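Trainee: Since chain A is already given, all that's left is putting chains B and C with the ligands on it; use the hints.
Line by line, the protein sequences are chains A, B and C. Going by the working numbering, the first sequence opens with residue -13, and the numbers climb by one from there. Going by the working numbering, the second sequence opens with residue 28, and the numbers climb by one from there. Going by the working numbering, the third sequence opens with residue 734, and the numbers climb by one from there.
Hints listed in this document are in silico derivations from the structure and should not be mistaken for laboratory results. Note that this is a predicted model, so its numbers are computed, not measured. Mixed in with the good hints, there may be bad ones.
Claimed, not checked - In silico DSSO-like links for lysine-lysine, alpha-carbon gap of 27 Å or less:
#: 1; chain 1: A; residue 1: 559; chain 2: A; residue 2: 576
#: 2; chain 1: B; residue 1: 68; chain 2: A; residue 2: 656
#: 3; chain 1: C; residue 1: 883; chain 2: B; residue 2: 102
#: 4; chain 1: B; residue 1: 140; chain 2: A; residue 2: 711
#: 5; chain 1: B; residue 1: 195; chain 2: C; residue 2: 883
#: 6; chain 1: C; residue 1: 858; chain 2: C; residue 2: 781
So you can see what is in the structure, the chains are spelled out below.
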Amino acid sequence: MRSITRRDFLKLGAASTALLAVESQLSPIARAVELVDGGRSVNRTSGLPRSFLPSTCTQCPAGCGIIGYVEESRLVKIGGNTKHISNGSSLCARGQAGINALYDPDRILVPLKRTGTRGENASWKPISWDAAYAEIADHMSSIRANPSQFVYLTDDLENDGLGRRFAHAFGSANALGAAGVYDANKRVATRLTWGAAGDMPDVANSKYILVFGANPLESHPQFVGFAQRLINGMQNNQAKLVVFDTRLNNTSARANEFYYVNPGTFALVALSMANVIMQEGLYNRNFVEQWTNVSPQQLAQSLAQYTPERAQAETGVPAAVIRRIASEFASTFPATTVSDSMISNHVNGTQTERAVMLLNILTGNIDNRGGLCLPRQYNVADAQPAPPAPAPSGLAQPANLPLASLQAVAESLPLLKDRQKYPVGVLMTRGFNPVYSNPDNAAVADTLKDETIIPYHVAVSPFMTETAALADIILPETTYLEDWNIEVRPSPEQVPFVALRQPVVPPLESSKSFFDISTDLAKRVGGGMEQYFAFKSVEDYLKARIASVSGLAAAGGLDYLKQHGVWYDPKSKPNYGSFAAGGFATPSGKLEVASARISGLGFPAMPAYEPITAFTNLEEKDLVLTIFDTAIQTDAKTANCMWLDEIQHNNPLWINPDTASKLGIKDGDKVKILRSNKTNAEAKERSVETTALLSDGLHPKVVALANGCGHTGYGSIAQGEQTPKDKIEKVLQNPNTELVWWGEKDGIGVNAKQIVPKAVDPIGGGQAWGDVVVNVAKI
Amino acid sequence: MANKRYAMVIDMRRCIGCHACTVACKAEMAVPLEVNATWLKIIEKGTYPDTRRYYLPRMCNNCTDAICARNCPTKATYKRDDGIVMVDQHRCIGCKYCIASCPYDTRYVNPLKNIVQKCYFCSHRVDAGLQPACVETCPTKAMIFGDKNDTKSEVAQVLATNATVVLKKEMQTNPQVFYISADETVMSNVEKDINYRTEGTLIKIRI
Amino acid sequence: MENGDVNVIYSVQHQLPLVMYIGQYFFFTGLSAGSFVISVIATLLGRKEFKPIGKITAILAPALLIIAPINLIADLEQPLRFWHLFLYYNWTSPITYGSFLLTAYPIMGIIYAIMVYTDRQKAAKVLGILGIPLAISVHGYTGFILALAKARALWNTAAMPTIFLVSAMVSGIGLVVIIAAVRWKWFDKKATPETRDQDKKLILQLATFMAYIIMLDLFLILSDILVLLTAHSDAYEAGMLILTGNFAPLFVGVEIILGSIIPMILVLGPTRKNMTAIVVASILVNIGVYAMRFVMVIGGQTIPLS
Ligand SMILES: Nc1nc2c(c(=O)[nH]1)N[C@H]1C(S)=C(S)[C@@H](COP(=O)(O)OP(=O)(O)OC[C@H]3O[C@@H](n4cnc5c(=O)[nH]c(N)nc54)[C@H](O)[C@@H]3O)O[C@H]1N2
Ligand SMILES: Nc1nc2c(c(=O)[nH]1)N[C@H]1C(S)=C(S)[C@@H](COP(=O)(O)OP(=O)(O)OC[C@H]3O[C@@H](n4cnc5c(=O)[nH]c(N)nc54)[C@H](O)[C@@H]3O)O[C@H]1N2
Ligand code: SF4
Ligand code: SF4
Ligand code: SF4
Ligand code: SF4
Ligand code: SF4
Ligand SMILES: [Mo]
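Only chain A is shown next, with the shape it has when bound in the complex (with noise of 0.2 Å):
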């Protein structure tokens, strides 16, 4: 056992650190014995301290506090904010890496107007910011009359709400956020169940976690300060984690054990956990008679046809497991369980998100420490005025998905193919790539190039993604290392906190940020939206943002921001079981465990397991994918960062050796992975060619490939290839891009969205990556 914990000696680096802020200018011998975890940095040779400046990481949508050293104004290294109650002095590779992707040698420095067909013939001009925003506002004017012909995409629109701000202002309502290509399901179960999108496990303070189709040890959206905690769970708490997956994944790596689960029946082991809860009367009673809306009689009830052994025959997790950890789990307290984006993995994602929910709710575990808690974070309220939401649309508000507010991309990009309908006059992305991360990307790029769907597209974007490839004109955005932002997230320490992204460098070139684009715009397209940007500055901006938050002002606002980098209230402690006076943001104030909301569309209020079509009559031939992130590259953002491309640059094909070798098929073979999709008539033929990895970490009807690879955008370093020195800005210019070596020797690998049909969770929303059936061949 340790003499000190991990958290006594943060402590005492926060208090070292203290002390040598007064200390810094005495000499080293004289300094404090134990050395401080970060907080500053010197330069190499000279010794000398460098000038940083704290703000937060977004190579994640985590968002940890990071601190930016700068030399002669050139940014040269990134650290962990210490004073962030996330990730502390913490990063992870990515966020190491942001630096690779300012100073990315493609990066797209001025405005670039597209010469020649849009598509593989493309070329680029560039032009002044005057002339692109002439253009622009030319026409946006022309569809003055019909605002909601102007359609905005991003990856996450509450985040610094400037599109959706930019796009009511203009009067049109079709600002469409990403969630449903990845947590929409988990939001709407979330939201239902208890009134709150989303959950944070307290698993620092837990006992007993169960992990489902998550992977927090590798992928989770707060990585770093949710994996310490859950490493703090298990060394300091001896919490036990027990993980269910389809494949050997760090997570399962470190777990205390371990189970094959095939692909997209984890609801029914968590059903059928929950029926042994309460049939063996392990449920807590007074907390499911007071705080749900069902009685125990009810859930005995619908739960009573989730047996064990139905579950050890559809799920391969063996009754007599199912009978012992469920009475773990119920006995264990605290204990929580971990779910994460992959419950919007599969078509019956939201009732399987409901379903592991559940779990918790019979066990008392609901937003106790150690429990299954609520996600705090501060409401950052629109800046004043905000622009008036026009009514909704049938493209941001799919008819069919009531329930998926504003996040459905998913559904709502091939509605575009229908003119009639959903006309568009202009279009703009930013900060999302649809064309690589959508399913079935290679129909939204067909949307994207024919130019009688998309007549106009603007691309902001500091890079040559796949998607801006596809624009006519591309705005060169800065990067988050050069913009201003308030970031908030779900706490995994339960303490809300406020915290500021901003420039650790001057905007390169000519690059500018989306407050500054989005302002020019407004003043150019003008007839009224322009008042909603008369902000002086994008401090005022954010000054009126954080004005809502109690506590924030009085300790300084936005010059605490900045100086810090991150506000949490001090005196505060989580304040676990807030429901307990008000109740819970739902109808009835009460978790809703039969949802009204849910039977209204024909469902079943109740959590239930509903098996997936695409994989009732499985062939002998056919094998399920799994897509999975990897703790090195996140989804398609992280490409052009040498130092995590170097580590991972490819996609092997996972399979187990059995199966590879009832398929013939040896390691490092050449293979051609067919998506076979029987249930999706429009879906076309679709392939991918990568090569055979063979593992034992794999479930035998699952083959598995990593996301983040296979670009055909972003330039060289995401090609593998060296980039031509006389090609890069002087102010890009690194002589590691000459020692580029991987796509060669290894190649860069496919981007699995290829085989990946559109198919989404009638509920929830959510696109199902993981009900993709492929066949595989060696070739």
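Mentor: Same frame as chain A, but now just chains B and C with the ligands:
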């Protein structure tokens, strides 16, 4: 007071195999592409369904009996009083004999500077009172670094209260990177059917 | 994971620090040392018929030793800093004593050559005797460079310096035989049929001597391999690497069969009186020794250490 003796402990019960240490080192030490001062080895062991995955972060052990220093013809490689094994970048002639001699293959020729380099336990940070960059960034704090001669330091206490192992003890270089709960197989370099996949094949003849 | 149950999912490979420049350097010092020893033997025996060979080799030895360090310097990442070797020497490093030996030996060799050419027999003999340990050290130390890098199982054996020395003798004699034969055939203007006969006999004798040293070499290699195969696991891997692994064609095929056994047969077998066969044998011997340097230097570094 006894001399300082810096040492690193890597607790494999906490390591999640995330490569953050690798990339932090690239940034901190300006390690070019192609080469690594620290890297992560990952193996899988066992047959389905009893398969396990193991990691091992590797770096220069800053050995107390460093054979690289003994074999360096110019004393460009030398040991500081606090145990950190350094390479004097102005003295090194690039004969690479130290690389050939190191039993852990932790040194490299910087392809941009034509100088031999390795992990120096971030000596410049240590001198400034800071933890090494990899230690600072490790998301789960699996790495512990400090003066093991200072009994109050965390590293000394962890060493005193945990069973630790070093790589290739039989080489008698007295490594100062200690591992807790490391798997034997991942520590060994001799395996049947060594199956390198993601390797950089840096067997590159530079002429 | 075809047979075993360990699957390396991720690792990096490493640079090959010492490339063939070093192998070549070893080859040339070996040739030089070998020639010097032959020259000194010739001088010491003092017989008139040995003189021409004594002369050729006296020149060869320092000449080859001037080529050798060029390889060494070319291999340096910072060639312009080679003088650091002398300024910042480190006596625990075999390279340090090597660099002093490498300086002393050619100087001595040149003086020796002058003595030989100016026919100052006595001085030449004394210098020769003093020079032999130096020549042996110059080449022996290259063996130590490998043997003392304990990281590499293929190198780290006590037999290594001796193997290097003996193979140096082999290649050195081989080279002398080739040169003497060429001289005998085309360039010896003053030759009478009688001296030609004598010379031929001498060359054949040299070749026979070479064959015996090849036997010694083979014995040393055999014992080295036997020990490798029965020692610890790294050593076993190293042994297998050259016996059946990637380096087997070079080691078994070129070094052992082509470079040792066939020459031995050519020199000791029915063709033992045939000058052409002898020359072919000597060429093969040198190819074999060159291959040996390659197998040792490059092969020794290809076994992963991590
Ligand atoms: N098969 C399969 N497909 C998937 C998934 C899956 O699991 N399987 N996952 C889905 C999920 S969960 C998600 S979140 C999506 C992600 O899909 P995307 O949202 O398309 O991918 P991101 O990685 O978020 O990167 C979006 C874009 O942000 C821009 N960008 C990157 N860095 C910066 C910056 O510093 N500043 C600015 N302004 N822009 C920047 C780039 O243009 C980049 O292409 O992919 C989905 N696609
Ligand atoms: N390092 C890293 N961190 C990230 C990201 C990243 O790309 N890299 N992306 C960020 C984003 S945008 C998101 S949305 C989140 C995603 O975070 P996660 O939801 O954790 O994403 P995945 O790794 O795609 O999926 C988790 C696990 O689900 C398993 N799985 C897939 N199908 C099934 C199934 O049918 N049954 C079961 N039981 N398991 C299944 C996969 O094998 C995988 O191990 O992570 C965020 N954090
Ligand atoms: S988890 Fe990594 S990539 Fe995501 S915000 Fe944190 S440091 Fe950045
Ligand atoms: S690990 Fe290798 S390079 Fe580092 S000190 Fe030890 S012997 Fe030298
Ligand atoms: S390469 Fe440099 S540090 Fe290494 S042994 Fe040679 S001189 Fe010393
Ligand atoms: S201590 Fe510093 S130099 Fe060594 S591996 Fe860590 S980051 Fe790299
Ligand atoms: S950073 Fe820490 S957890 Fe990640 S691989 Fe390195 S040692 Fe392991
Ligand atoms: Mo995501």
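Trainee: Which of the stated hints cannot be reconciled with the structure, identified by number in ascending sequence?
Mentor: Violated: none.
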